[in-house]
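Sequence order for the protein chains is A and B.
Counting in the numbering used here, the final residue of the first sequence is number 1414, and the numbers go up one at a time with none missing.
Counting in the numbering used here, the final residue of the second sequence is number 759, and the numbers go up one at a time with none missing.
I should point out that these hints are in silico values taken from the structure, not numbers from a laboratory.
This one's a predicted model, so the numbers in the text were calculated from it and none came from an experiment.
One or more hints might be untrue.
[What the hints assert, rightly or not] Derived DSS-like pairs (lysine-lysine); straight-line CA-CA distance at most 25 Å:
| id | chain 1 | residue 1 | chain 2 | residue 2 |
| --- | --- | --- | --- | --- |
| 1 | A | K1401 | B | K709 |
| 2 | A | K1401 | B | K707 |
| 3 | B | K663 | A | K1374 |
| 4 | B | K663 | B | K709 |
| 5 | B | K709 | B | K698 |
| 6 | B | K707 | B | K663 |
| 7 | A | K1401 | A | K1351 |
| 8 | B | K657 | A | K1401 |
| 9 | B | K709 | B | K657 |
| 10 | A | K1351 | A | K1366 |
| 11 | A | K1369 | A | K1351 |
| 12 | B | K663 | B | K698 |
| 13 | A | K1369 | A | K1401 |
| 14 | A | K1401 | A | K1366 |
| 15 | A | K1351 | A | K1374 |
| 16 | A | K1369 | B | K663 |
| 17 | A | K1374 | B | K684 |
| 18 | B | K657 | B | K698 |
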Amino acid sequence: AQTVTQSQPEMSVQEAETVTLSCTYDTSESDYYLFWYKQPPSRQMILVIRQEAYKQQNATENRFSVNFQKAAKSFSLKISDSQLGDAAMYFCAYRSAISNFGNEKLTFGTGTRLTIIP
Amino acid sequence: GAVVSQHPSWVICKSGTSVKIECRSLDFQATTMFWYRQFPKQSLMLMATSNEGSKATYEQGVEKDKFLINHASLTLSTLTVTSAHPEDSSFYICSALLEALTDTQYFGPGTRLTVL
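The following block holds chain A by itself, in its conformation from the complex:
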């Protein structure tokens, strides 16, 4: 079974600075997807960024980028120019790419609470 580990329960960053949230995972599969979701105080889960394991290029979405290290099974999220609205719980998630029923499930990490200091 796959596992996702987020070793930083809490992080804080000054507004406008850069912060990196870590995520490691364990899998025996070679093809999969990785995600970062954000859950602000409203508790709405919002997709931040998505990475396909077969792509070597790191995904980016505006101020958000990932450092995907497949051999190390590491998938960190970098937030540049942090803004107050970035304050949220961030969850890393894994999903198998095998197209069988039951493989569409997401395996979540325990989350990292990010605080933005004005």
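Take the given structure of chain A and dock chain B to it, following the hints.
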């Protein structure tokens, strides 16, 4: 695009009653939807996977007779908590797979259930 709604957003009920929560994909069809439960300051716990037109698949430890899931159309899945008790109080979240991008789940805003 890829908007998922849930209704109600907040419900209070008496112990022993049943509560139905709706999950709708507003601008896309979703063959597969998921139901999660989230306790305060914890991660999401998958309860079940529902496929349109077939029975839901429940995760180990989830009582299928207590948490009834129906996925009657490509845009609607419902979760009914039967004979609710205070320990069922929680935050329930649904998600849907976008057909065109079947690897990505889009989440509803969640429903807070309080059982008195």
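Hint-by-hint comparison with the structure:
no.: 1; hint: A:K1401 x B:K709; in the structure: holds (22 Å)
no.: 2; hint: A:K1401 x B:K707; in the structure: holds (18 Å)
no.: 3; hint: B:K663 x A:K1374; in the structure: violated (39 Å)
no.: 4; hint: B:K663 x B:K709; in the structure: holds (12 Å)
no.: 5; hint: B:K709 x B:K698; in the structure: holds (15 Å)
no.: 6; hint: B:K707 x B:K663; in the structure: holds (14 Å)
no.: 7; hint: A:K1401 x A:K1351; in the structure: holds (21 Å)
no.: 8; hint: B:K657 x A:K1401; in the structure: violated (32 Å)
no.: 9; hint: B:K709 x B:K657; in the structure: holds (16 Å)
no.: 10; hint: A:K1351 x A:K1366; in the structure: holds (10 Å)
no.: 11; hint: A:K1369 x A:K1351; in the structure: holds (14 Å)
no.: 12; hint: B:K663 x B:K698; in the structure: holds (17 Å)
no.: 13; hint: A:K1369 x A:K1401; in the structure: holds (19 Å)
no.: 14; hint: A:K1401 x A:K1366; in the structure: holds (20 Å)
no.: 15; hint: A:K1351 x A:K1374; in the structure: holds (18 Å)
no.: 16; hint: A:K1369 x B:K663; in the structure: violated (40 Å)
no.: 17; hint: A:K1374 x B:K684; in the structure: holds (22 Å)
no.: 18; hint: B:K657 x B:K698; in the structure: violated (28 Å)
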